[in-house]
Structures are given as C-alpha cells and as structure tokens.
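S.K.: So the protein sequences, as listed, match chains A and B.
The numbering used here puts the first residue of the first sequence at 21, with every later residue one more than the last.
The numbering used here puts the first residue of the second sequence at 11, with every later residue one more than the last.
Heads up, none of these hints are tricks.
Residues from chain A that face chain B, not an exhaustive set, calculated with beta carbons under 10 Å:
| hint | residue |
| --- | --- |
| 1 | G61 |
| 2 | P159 |
| 3 | A160 |
| 4 | F259 |
| 5 | N326 |
| 6 | L332 |
| 7 | L336 |
By construction, these hints were calculated from the structure, which means they are not laboratory data.
Think of the CB as a built atom: it goes at the ideal place given N, C-alpha and C, for glycine as much as any other residue.
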Amino acid sequence: MREFGYQRADDVPGAVALLAADPAARYLGGGTNLVDLMKTGVEKPALLIDVRELPLDRIEVTGSGGLRIGATVTNSDLAADPEVRRRYPALAQAVLAGASGQLRNMATVGGNLLQRTRCGYFADTTKPCNKREPGSGCPAIAGEHHNHAILGASAHCVATHPSDMGVALTAFDAVVTCETADGPAELPLAGFYLPVGDTPHLETALPPGALITGVTLPPAPVAATSRYRKVRERASYAFAIGSIAAALDVQDGVVRDVRLAFGAVASRPWRARAAERALTGGPATAEAFAAAADTELAAAEPLPHNGYKVALTRNLVVAMLTELTQEAVR
Amino acid sequence: MTAMTGTVAAAGTVGASRTRMEGRAKVTGAARYAGEIPFADLAHGWLVASTIARGRVRSVESAPVLAMPGVLAVLHHQNAPRLEEFAGMLGPDPTIQILQNDRVPHVGWPVALVVAETSEQAREAADALVIRYDQEPHDIAFSAQHPGMYTPDDSPLLVTETGKGDIEAGLAASAVVVDEEYTTPEEHHNAMEPHAAMARWDSGRLEVVDSNQGPFAVAQDLAKMFSLDLASVRVRSEHVGGAFGSKGLTRPPVVLAVMAAIVTDRPVRVVLTRRQMFSVVGYRSPTAQRVRLGADTDGRLRAFDHQAASLTSTIHEFVESSAGIGRVMYDADAHHTSHRVVRLDVPTPSWMRAPGEAPGSFALESAIDELAHKCGMDPIALRARNEPAVGPVSGLPFSSRNVLGCFEEGARRFGWADRDPRPGAAREGRWLLGTGTAAATYPARVAPSTAAVTAEADGTFTVRITAVDLGTGARTALTQIAADALEVELDRIQVKIADSDFGQAMIAGGSMGTRSWALAITAAATELRAQLALPGDIPSDGITARSDTAEAIGALARQERHSFGAQFAEVAVDVTTGEVRVRRMLGIFAAGRVVNPLTARSQLIGGMTWGLSMALHEEAIRDQASGAHVNADLAGYHFASNADVPVIEVDWVDDPDTHDPTGIKGLGEIGIVGAAAAIANAVWHATGVRHRDLPIRPDRVLLAGSRGC
Ligand SMILES: Cc1cc2nc3c(=O)[nH]c(=O)nc-3n(C[C@H](O)[C@H](O)[C@H](O)COP(=O)(O)OP(=O)(O)OC[C@H]3O[C@@H](n4cnc5c(N)ncnc54)[C@H](O)[C@@H]3O)c2cc1C
Ligand code: SF4
Chain A
21 MREFGYQRAD
31 DVPGAVALLA
41 ADPAARYLGG
51 GTNLVDLMKT
61 GVEKPALLID
71 VRELPLDRIE
81 VTGSGGLRIG
91 ATVTNSDLAA
101 DPEVRRRYPA
111 LAQAVLAGAS
121 GQLRNMATVG
131 GNLLQRTRCG
141 YFADTTKPCN
151 KREPGSGCPA
161 IAGEHHNHAI
171 LGASAHCVAT
181 HPSDMGVALT
191 AFDAVVTCET
201 ADGPAELPLA
211 GFYLPVGDTP
221 HLETALPPGA
231 LITGVTLPPA
241 PVAATSRYRK
251 VRERASYAFA
261 IGSIAAALDV
271 QDGVVRDVRL
281 AFGAVASRPW
291 RARAAERALT
301 GGPATAEAFA
311 AAADTELAAA
321 EPLPHNGYKV
331 ALTRNLVVAM
341 LTELTQEAVR
Chain B
11 MTAMTGTVAA
21 AGTVGASRTR
31 MEGRAKVTGA
41 ARYAGEIPFA
51 DLAHGWLVAS
61 TIARGRVRSV
71 ESAPVLAMPG
81 VLAVLHHQNA
91 PRLEEFAGML
101 GPDPTIQILQ
111 NDRVPHVGWP
121 VALVVAETSE
131 QAREAADALV
141 IRYDQEPHDI
151 AFSAQHPGMY
161 TPDDSPLLVT
171 ETGKGDIEAG
181 LAASAVVVDE
191 EYTTPEEHHN
201 AMEPHAAMAR
211 WDSGRLEVVD
221 SNQGPFAVAQ
231 DLAKMFSLDL
241 ASVRVRSEHV
251 GGAFGSKGLT
261 RPPVVLAVMA
271 AIVTDRPVRV
281 VLTRRQMFSV
291 VGYRSPTAQR
301 VRLGADTDGR
311 LRAFDHQAAS
321 LTSTIHEFVE
331 SSAGIGRVMY
341 DADAHHTSHR
351 VVRLDVPTPS
361 WMRAPGEAPG
371 SFALESAIDE
381 LAHKCGMDPI
391 ALRARNEPAV
401 GPVSGLPFSS
411 RNVLGCFEEG
421 ARRFGWADRD
431 PRPGAAREGR
441 WLLGTGTAAA
451 TYPARVAPST
461 AAVTAEADGT
471 FTVRITAVDL
481 GTGARTALTQ
491 IAADALEVEL
501 DRIQVKIADS
511 DFGQAMIAGG
521 SMGTRSWALA
531 ITAAATELRA
541 QLALPGDIPS
551 DGITARSDTA
561 EAIGALARQE
571 RHSFGAQFAE
581 VAVDVTTGEV
591 RVRRMLGIFA
601 AGRVVNPLTA
611 RSQLIGGMTW
621 GLSMALHEEA
631 IRDQASGAHV
641 NADLAGYHFA
651 SNADVPVIEV
661 DWVDDPDTHD
671 PTGIKGLGEI
681 GIVGAAAAIA
691 NAVWHATGVR
701 HRDLPIRPDR
711 VLLAGSRGC
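Extracted from the complex, chain A is given alone in its bound form (with noise of 0.2 Å):
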C-alpha cells in the first residue's frame, strides 16, 4: 500500500477545490471499497479528501412529496428513515440486503453509487483487465464469468455493477446531485451509468471532479408498496447473482403502473423499461408477466456461464409481480 495524504473537507466548495487542485486525489466515503482496492494496488491516490463530516448527511421529503438524501448518509440511516421505508420501500430493503452491519454503518450514498465492480480480475493486478488497464483485455469472457453480465455489456468488458441501493433508486428514477467547479449539476440516474463500448474504464457521466452531494427522488405513488429481492450464493454478506425492484399499481386486473429495475445483469443497474411498457395497461396475469420479462430479456446475450441469469431474471419478475399482484387484491 502506497503512502497517501489525508484531508477533512469542511464544506462542499472546499472539498471540490481540494480535488480541483490535485487531479490525483480521490474523495473518500466511508472507504469501504476504496481503501480495499488501495490495498490490491487498483486505486493508487495521493490524497484523499474526507467527505463524511460534509454537511450531507440528511433525508429530507420534497415539496412535491419525493426525498432528498444526501450524499453522505451512511448506508445503515438511510435503510432505517421512516420516510424511506414508507415511501419507497424497496431502496430500504435493497440496502439491507447489501454488505454486512458494520460496512453499511460506513458505506455512504455516494460511495456505493461509485463502488467498483467485484470482476476478480479487476481485483487483481496482476491480470488484464480493460476496465483497470485500458487495452489490456478481458480475460472474464474466455475466463471465470458466471456472475457478470447479460444485458448492455461489450467485447471489451462484461463486468456487472454491484450496486443493490442503485436498483431500487434506479426503478424510481432518482437523480443524482453533484458539486463541480462551475456550480451545481443534476444527471438523472438513467444516464448516470455510460455505456460499456469500447470504453470499460469510463464508467459514469459525472463531470471530473465532481462531488456527489446527493440523490433527488421524484414522488412515486406507486413505490410505497415495492419490494426488493436478491438471490445470492450464500444468505448474506454477499453480491447478488440477480435481483429486482419492483412496484406494480393493479386495479380491476390491470396493470396501471409499474416499475421494475434488475440488479447483477449489466454493467449499471437495469432499468427494465421495455418490460414495462409491455406491462402497462395489460392484465396483471403470470403470463403476461412473463412475457413482458422475455421482452426485456430478449436483448440478453449470455455467455457459456451466465445464462442461467436469463431464467433467474424472469423467474424473479414472474415471483415478484405475481406476489405484489395478490397483495394489491388483498
């Protein structure tokens, strides 16, 4: 581990003035995924510069009825705001479902949106990896792959996000907040994530330099009865193989709104908009369920070791809207 300075920002101007300063610093969260990939020599700033004592750290309910959560709540306060879990549910249970007690009492809004993917071959580097070292190949696509991407990925990289907080965002269309040298900017979540391309180690449309100061979400009616559910290899402590937000508005038998997002099949968290409108205005049946999930999946293009995520993916849209569908006639 290389020597590196440290730094307490005290407001929001001066953190992105400290970054501005030196290209080579990085902000630190709760450095639950930083200071690992310091450690394994992927992440190698000179300075870091704290953001948790920024003045970030509140959730606050909108005119309009959305939430404002910023950048630096802790993982753990955002699972546990009454607001949160009664207006969107799902990004609770979606928190709870990530990490273990002790990294989300660390991990920070900001930090997770930004956590890298958990490639093993990004992890090491002593291997190629298009993502870490641009150019140098994607040994994941001949190699070990069983839990990287169906949907969105390229040649160059098929690494997932990790993110299990960002599905539930991603299914309520928040944006993201940041700070940068020229002033305050706002990016949807939907175009938060780039596309994978030729490009692997690009990951987001923030702006260099930015500092995320927190995620906006709009009022969804819609959302105070979602639900997140993750499949993982073991029942906790860790990443998902495959996991849906989902909130169904169901009346008379027919679907009125819906929102679904899957997490663990892509290289950002997925938003499944082809299924929704295929959703939209039609019969709340397992069948059309189903259908609509082969809508959004038909786009899938599994590697030897991952198709299995195509028949988890649908089965846990056919489960979830099904299970919301005979609550909502309760």
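For this one, chain A is given, so just place chain B with the ligands on it according to the hints.
M.R.: Chain B with the ligands in isolation, oriented as in the chain A frame:
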C-alpha cells in the same frame, strides 16, 4: 510435603463441561498470537509470490526497491541462505525448499522476500519489486480423464488401492446398480489467524514464534534445513487461531523468517495475507470420484467400487484419500477402492479437515442414498443391512462401532419415521422441502508423545507437553485429564504447551492430539504418583516424572479404531431462483470418551457447519489462462455466513472403547464427514434432482429444476 494423591475425592473432571482455561485472556486480548507479539528491533518480511504458473525467474530487479524507505534486504533465489534438503515428518518436502532455484511451479510460489523496518514499507516495496520471468505453457485443467493421471505408490499417508473379489461379475449379478461420478471443487482452510512467524537469534539459539500445529516437528525441520543442533532451536506456538491441517507442517513463512533473521541479524516477522494463504499453505484438491455399487433388491451389497481422482503439484505428491472411507463403512464380496492423481501446475494440496473422508463421504454417502432409493428402501435400513462385522478390507475387529446407535438416536430425535420417502412431495410457499441423512466415520489414531509432570513444592502440579491448542480447547481438556490422572482439583494444575523445548509430541492433527497427549500425560502422572508415594519431601525444584508412549502404543492390539456418526439435514429449495437453505441439522456421534462436552460440541458443530459450507458454498475458482485464482479473498471465496447456518444439534451416544487406556477417539474432524452428503441427499428429496457436483450452487439448482412425484 508428601504425596497428595488419593487424599482428595476423585476430581471426576473428565466428562464435565469446562470453559476454556485461556478464555478470559482471549476475549480481553491478553492472549497474543504469532503475528502480534512485540519484539524489540523487529523487522518485517513481505512475501513476493510468482504471478506465472510455470517457468523460471529470469531476474529480480532489487536495486530500486533497496533504495526505498526502510528496506533492509531483498531475498531471492540467488542470495537467500541455502537450505539442506531434508526428510521431515513425511519425507522430503519441496514446498518449503523456497528461494533455492529459479523454477516456478505454480502461481503464488514464493520468489522473493522483502524485509523492511515496518510492515507497510515491506509491503509497498514488495508491490514495487519487478520480477521478470521466462514463462512456459501451463496446465491446470483437472479432470478424471486427464491423460497424466497415474496411480501413486503407497505412502505412510495412503494405501493406494485395495481389492477383493470380481467387481464386474458382482455388478453384473446385481439386481440394482448405481454407477455415478461425483465431483468436489478446490477448497481452502483460510483459518481466522493467518500464518505468521517470527524468528530471532537469542544467545546463540534460534528462537521462533510460529503459528503451527506442531512446534516440535517445526523445530526439527528448521534444525535440519539450516544445519543447526536441535537443541539450539526453540519454536513456540502458545495460541493458534485455527489451522485445520494448513499449519500441520512447516510452512514458507517460518522458513522465510529464519532466512531473513540470518541475513539481517534482526528479529524478523513474516505474516501472510489472505490472498497468499490461497497458495502456499495447502488446500483440498478437487476430486472426481466414480462410485459403483451393486446390490440385491433387499439392499445387500454385492459389489463396491470407489475410484477417486485428485490433483497434486509438479513438485510434491499429495493424494486426497477419498476412497478410503469405504474400507471402513461397507463390505461386499467384490470390494475395490483406488486412488489416482495427476500432476498439474498448481500449488501443492495438503491436509484439510478430514482429508479423504470429507470429499469421499460426499460421494459415497450420496451413492448409498441413490442405491436406497433404487431399492425402494429407507436409507438407514439399507445401511443397517450392510453393517460389517469386521473391517471390510483388514478383517480386523472393530474396537467399538456404534454407527447404528447413532442412526437410531438421530432418527428418533429428527423425526425420521414421519418422513414421506417420495421426492418433491413437500412444499411450503416457494420452497420445496426435503430431508436427508448420511453416515460419518473418521479413524481414531494415536502417535507417540512425551510429557513431563512436575509436583511443585507448593502443592501444585505443572504439566509440560508440546501439544497445541488451535482454539479447540486442547489446553483445557489436557488440564482435565491431568487432574483426573493425579486425582487433584483442576486449579492445582498448570498445563504448559506448545514449546518445542518440552520435547517430542504428536502434532495437533488427524483428530489424534487429545488421545495421544492424554496417553503421555497419564503415563507421566502415574509415574509421578509412584514417586510421590515414596517417603520424603518435595524439593524446591519439584519432582518431575517423564513419559514416552512409543512402546505402549506399539503394544496396542491391532484393531479397526474409528469414530462414527449419523448426520441429518432438512433443506428448503427454491428451484426458480436456485436458493438452498438448510433449516436444521442434527449430528449424533459415537466418538469414544468425551473429555469436555462443551468444547467437544463446538468441534462437532464447527465441523458440521463446514460440511454445510462445503455442500452449498465453497469453491476456489481458477482461471485457465493465468493459472491463478479469481476469488482468492473472503469476499469471493464464499463460505457459509451466519444467516446460512441453522440450529445445529449435536449429541453423542455411548461408545466405550475398552481396548484403549484413554478410551478417547478424537472428534476434531468427524463433524464434517457426511454433512455435505446429508444436505445433498436432502436437496434430492426436496427436488427429485440429484446434485453430484459440489457446491450445490444456485445456478446449478436453477438449471436442474425439479422432478417431483
Ligand atoms: C465485503 C463486502 C461486501 C459487500 N456487499 C455488498 C452488497 O451485497 N451489495 C452492495 O450493494 N454493496 C456491497 N458492498 C459494497 C458497499 O456497498 C460499498 O463498498 C459502499 O457502498 C461504498 O461506499 P463508501 O462510502 O464506503 O465508498 P468509498 O469506498 O469511500 O468510495 C467509493 C468510491 O466513491 C467515491 N466517492 C465516495 N463518496 C463520493 C462523493 N460524495 N462524491 C464523489 N465521489 C465519491 C470514492 O472516491 C471512490 O471512488 C460490499 C462491500 C464489501 C467490502
Ligand atoms: S469483465 Fe470488465 S472488469 Fe472484468 S476483466 Fe473484463 S474488462 Fe475487466
């Protein structure tokens, strides 16, 4: 003062639950481990491991690294102290002949050691050290069909092959036949405490603090490797935080620490990282096992064939003895067991908790379950029908064998009689439910040890023996044994362990520690009591009696000595997601005399938890292109989390072994044996689909689906 013995009421402490003697020291942090004991002027060594799977080191570019802050030395094959090639406990061990030549036999092979003032400096310099290689093509692809498979010679650890009768004829004559292949993946111990060693010169003696299972054996190895008198080497391992076989032999960290202490003339400590622990301290080889069983319709076996394949490295042969278990469990007129192994460009495998029996029982006890289903029999009834009267291969009598007692008691407690034998019959919401059972066995071996017991002038007693407490509670059990042997209260006994100066003793391994050490302590205590019975006072330096059990052990009758057990599991399976959850486990064991029920239960629960982990989670994955792991950390190498582990109930039935003076059989390993098979059998019962490849991962379960009744 004269003899105290016989004057107090018998302590009766063996068989009573006792909390660990060092428990308080451990929970308050007072107990120190090899990686954290402070030494003045300590320097730190950081291992540099090869990144290629096969080839030669062309150059080690140490000059720039030597200029880095705090760096004291860079050791590599051209400048490291030369090591004698020696024969240790199991013969020559090329896995610790490190930094002796430029050959790289696998990814993770030690190619250099960077020594610096602080561990951070050493790590940074090690990361910066450039090593150039001449790489050669490697082969790491294990399968039973690999053309390099060969039949190994017998060794002290392995009888390669056994056979009687005509297998093919037996199978042909059988009304019911099972012929299946089972596989288990590469698995790792990764004990909570990483391997760590400190070496320093102290008044002309080499003093070592090391995390291992046998300090005397390590001292012997170091003396031979570094051409020293055994008397001038001292190795201590006062507290060890888990080992499971990975610390059973002298490992690279201690060799490197000694080398660095020689070169720098400073105390040097070497601690492995988690990632390094996946490559230089042994692991369980993947296995591919073919089991062929032929039986009459009433379940009686006519033909039994277990063929096990595993891998080893190109530098050392270690064979996972998976096919050994049938030599104890089941008899048939035609009975055959065999092992084959292939040399690949991978690290050398080694002992891992219940070596052989753990993967072997998965295959065999799954196959027995398949046979029972094909015969339309209850799997316990089928096992009862095949109980052998004597060792199936040896023909020797069993010292005691109460496997049926285990099944009887287990079935009663588990509610086995109420089980609907049809697969896929029970459902609860999205979960399919099933139950399964399997037999367990593990050898009860013993090895010569020495011990010294001193009657102190103040009326207390000091026991000295080179035993090791791996966290198991060995120190406490030995205190109980000594108290009984001396017939005094527990608090008058101090047991000192894990110091090679105390002399030869069996390592803490093979489930043999407690029995072997108990024999030695009891012998010394008996001798001491004879001395104390003579008139006279105890001098200020006490009266010491010593024992050596070599002769007594040589005189033990030749018998089949084993622990046995019955494992039960209930699982819930969602075949639409592939999730498997174990709802409860029960293990009933016949494991001889239980010294400390409290810690014994922990050992068995720990073993069963590991069996669960083996069934559902554990799997080290290697990348064919690089020959390296892609999940060599504890976020990637999954083992059961707390949420995966249900209530595990453990108990034992009477199992008096009257032929052994201690009656102890050992239970460090049997808990894992059969546990994975019980779970796999339960998954079959839940889903109607047989999973013959471990781990039973969600993707496998999902793709296999269900085939209910
Ligand atoms: C063992 C383990 C298991 C885990 N399991 C899960 C899981 O199951 N599901 C899951 O979703 N996650 C899981 N995680 C990941 C965890 O959620 C993330 O590590 C965590 O959310 C990152 O937050 P942090 O604040 O610690 O980020 P840090 O590690 O501090 O930072 C991560 C990145 O974000 C940047 N950053 C941080 N804050 C800001 C900001 N305000 N503005 C701009 N950039 C910023 C940093 O510079 C860095 O690049 C796991 C982690 C571990 C170690
Ligand atoms: S999938 Fe992406 S992160 Fe993984 S090795 Fe390939 S390029 Fe690197």
